[in-house]
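Student: Listed below, chain by chain, are the residues.
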Amino acid sequence: AQKVTQAQTEISVVEKEDVTLDCVYETRDTTYYLFWYKQPPSGELVFLIRRNSFDEQNEISGRYSWNFQKSTSSFNFTITASQVVDSAVYFCALSEAITGNQFYFGTGTSLTVIP
Amino acid sequence: GAGVSQTPSNKVTEKGKYVELRCDPISGHTALYWYRQSLGQGPEFLIYFQGTGAADDSGLPNDRFFAVRPEGSVSTLKIQRTERGDSAVYLCASSLFGGGGAPDTQYFGPGTRLTVL
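These protein sequences, in sequence, are chains A and B.
Okay, so the first sequence: first residue is 1 according to my numbering, each after it adds one.
Okay, so the second sequence: first residue is 1 according to my numbering, each after it adds one.
Among these hints, one or two may not hold up.
[As the list claims (entries may be wrong)] Just a few of them, taken from the derived set where beta-carbon distance is under 10 angstroms, the chain B residues facing chain A:
#1 Ala31
#2 Gly42
#3 Pro43
#4 Tyr48
#5 Gln50
#6 Ser58
#7 Val89
#8 Leu91
#9 Ser95
Treat the hints as calculated values from the structure; they're not laboratory data.
These numbers were taken from a predicted model, which means no experiment stands behind them.
Every residue, glycine too, gets a C-beta built ideally from N, C-alpha and C.
Assemble the whole structure, with the sequences as input and the hints as a guide.
Tutor: Rendered as structure tokens:
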């Protein structure tokens with residue numbers, strides 16, 4: 001069973017628009033960690049954020065914000081005032097304490113920001 | 001500081017050949033991971049090292065795949081009798097600590113694109 005679902009395969013927005021990338025996860029573990037990574041065309045995965053299952057507080061970092069809701073098993077990522085440099089594939093990942101360090105990645109959302 | 005490095009960046013080989021892919025983790029990171037990423041997919045876990053030992057190799061697809069980390073730093077992923085289906089980008093990541101309970105953030109290298117003809 002897919003542990004992380006990113007239902008949006010591709011999204012296109014015009015520069016300066018806000019965009020939200022969805023991530024839904026599935027786990028039976030009570031202790032788990034969620035991550036977002038950015039993969040630009042160069043290919044290298046860039047770490048964006050790490051959250052644990054006990055901290056549902058939303059987080060904002062510049063134009064990026066994350067909404068973690070355990071009730072809906074979602075960890076969505078919003079980019080405000082998008083820029084062309086935000087164009088990339090974004091991956092959500094889950095790590096469960098019970099299985100240790102194995103990361104389960106979603107299939108990614110390809111974001112294109114049109115100038 | 002230097003990030004995770006991987007060599008070669010690209011590898012083209014013929015079906016049936018043997019290949020080695022190298023990963024140099026961030027200095028001081030004790031945990032090292034290998035993933036495989038096929039086109040349009042997210043990375044899939046292959047193996048995890050804590051120090052010199054393979055702590056979890058449950059993701060290796062079959063016995064043609066093997067990885068080592070003899071001195072607890074550089075790791076080599078080895079693929080024997082390559083098949084066309086092995087074509088993918090092989091990603092390496094490292095983290096400061098490993099162990100269960102509270103997984104550390106993994107930092108990824110640029111990957112090695114393997115093409116099996």
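Student: Does B/Leu91 hold up as a contact with chain A if the rule is Cβ-Cβ below 10 angstroms?
Tutor: 7 angstroms, holds
Student: Hey, does the B/Tyr48 contact hint survive, CB to chain A under 10 angstroms?
Tutor: Because about 5 angstroms separates B/Tyr48 from the closest Cβ in chain A, which is inside the 10 angstroms limit, the hint holds.
Student: Under 10 angstroms, Cβ to Cβ, is where B/Ser58 needs to be relative to chain A, so tell me if that hint holds or is violated.
Tutor: For B/Ser58, the interface hint holds, since the closest Cβ of chain A sits about 8 angstroms away, which is under 10 angstroms.
Student: Return the status of the interface hint for B/Pro43: holds when the least beta-carbon distance to chain A is below 10 angstroms, violated otherwise.
Tutor: With Cβ-Cβ at 5 angstroms, under 10 angstroms, it holds.
Student: Given a cut of 10 angstroms on the nearest C-beta pair, is the interface hint for B/Gly42 held or broken against chain A?
Tutor: At about 3 angstroms, which falls below the 10 angstroms cut-off, the nearest Cβ of chain A leaves the hint on B/Gly42 intact, so it holds.
Student: Answer holds if the nearest beta-carbon of chain A is closer than 10 angstroms to that of B/Ser95; otherwise answer violated.
Tutor: Since the shortest Cβ distance to chain A is 7 angstroms, the answer is holds.
Student: Does B/Ala31 meet its interface restraint, that is, does its C-beta lie within less than 10 angstroms of any C-beta in chain A?
Tutor: 6 angstroms, holds
Student: Holds or violated: is there a CB of chain A closer than 10 angstroms to the CB of B/Gln50?
Tutor: Cβ of B/Gln50 sits 8 angstroms from chain A, so the hint holds.
Student: Classify the hint on B/Val89 as holds or violated, based on whether any CB of chain A lies nearer than 10 angstroms to its CB.
Tutor: 7 angstroms, holds
The structure shown violates none of the earlier numbered hints.
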